[in-house]
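Add chain U to chain P, keeping to what the hints say.
Chains as they are written, first to last, in the numbering used here: chain P, 1 to 112; chain U, 1 to 113.
Just so you know, these hints were derived from the structure itself, not from any lab. Heads up, none of these hints are tricks.
Facing chain U, according to a computed beta carbon distance under 10 Å, are these residues of chain P, among others: (1) Tyr35; (2) Gln37; (3) Ser48; (4) Gly104; (5) Glu105; (6) Arg108.
Built from N, CA and C at the ideal position, the CB exists for glycine as well.
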Amino acid sequence: EPEVTQTPSHQVTQMGQEVILRCVPISNHLYFYWYRQILGQKVEFLVSFYNNEISEKSEIFDDQFSVERPDGSNFTLKIRSTKLEDSAMYFCASSSDTGELFFGEGSRLTVL
Amino acid sequence: GENVEQHPSTLSVQEGDSAVIKCTYSDSASNYFPWYKQELGKRPQLIIDIRSNVGEKKDQRIAVTLNKTAKHFSLHITETQPEDSAVYFCAASSSGSARQLTFGSGTQLTVLP
Numbered sequence: 001e002p003e004v005t006q007t008p009s010h011q012v013t014q015m016g017q018e019v020i021l022r023c024v025p026i027s028n029h030l031y032f033y034w035y036r037q038i039l040g041q042k043v044e045f046l047v048s049f050y051n052n053e054i055s056e057k058s059e060i061f062d063d064q065f066s067v068e069r070p071d072g073s074n075f076t077l078k079i080r081s082t083k084l085e086d087s088a089m090y091f092c093a094s095s096s097d098t099g100e101l102f103f104g105e106g107s108r109l110t111v112l
Numbered sequence: 001g002e003n004v005e006q007h008p009s010t011l012s013v014q015e016g017d018s019a020v021i022k023c024t025y026s027d028s029a030s031n032y033f034p035w036y037k038q039e040l041g042k043r044p045q046l047i048i049d050i051r052s053n054v055g056e057k058k059d060q061r062i063a064v065t066l067n068k069t070a071k072h073f074s075l076h077i078t079e080t081q082p083e084d085s086a087v088y089f090c091a092a093s094s095s096g097s098a099r100q101l102t103f104g105s106g107t108q109l110t111v112l113p
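Chain P with its partners taken away, still in its complex shape (with noise of 0.2 Å):
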C-alpha cells in the first residue's frame, strides 16, 4: 500500500536554527498539506499545496514558515528561525481528487 512518508522522524536543533521537514507524498496525488500536533493536543492545520503553489494557509503559517516542491517527489517544510512553541508533531500529508488524507509517520521536533 503506497505510504507518505517522511525524515526526520526527529529533529532535535537549538532556538533560532532553521529546519527542514522532508516528505514524499503519495506518488499520484495532487494535493499535500502540512499539520501540527502539539504534544497531547489536536492536528492543527498549517497549508496546503496544489499545481506548485500555496492554496490555503492557516494563522500559524507565518513568514517564519515556507514550502516548497524542489522536485517531482519531495514537498518540504522549512521554518526559518525555530521557536520554542514551534515544538511538535509535523504531520505531511496528501491526497487525490477524492480527498481523503493520508498522513505520513511525523516529523517530531524537538526546539531547545
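Here is chain U on its own, set in the frame of chain P:
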C-alpha cells in the same frame, strides 16, 4: 472559520460495550466529515468518513451519523475490543478537493478487558 467541538475528552468502556463520540461543527458549508484514530506516537489513520449528502454510513463495527440541520455528527463503535483503545479525532472540511481539515480536540477511548 470552522470550529469543531468534540465530546467527551475521555471515555472508558468495558470490552464488548458500545462507545459513542460526538462532534459539532460551526460552518454550514462543511461537507466532509472524517474520523481518525491515533495510537500513541503514531500517525492519524482514517477509519471512516461521511459526506454531507449522506446521513449514515457503516463499516463493520464502526458507524457515523450526520445531522446537517443540527450540525453534529457522531462516531459509534460497537462490540468494542481492547485494540480499539486510542485517541479518536473528528474533523470537518468545507473545502472542495483540497482538504483543509479542522480537527476536534480528541477523545481518549479506553476499552477495559
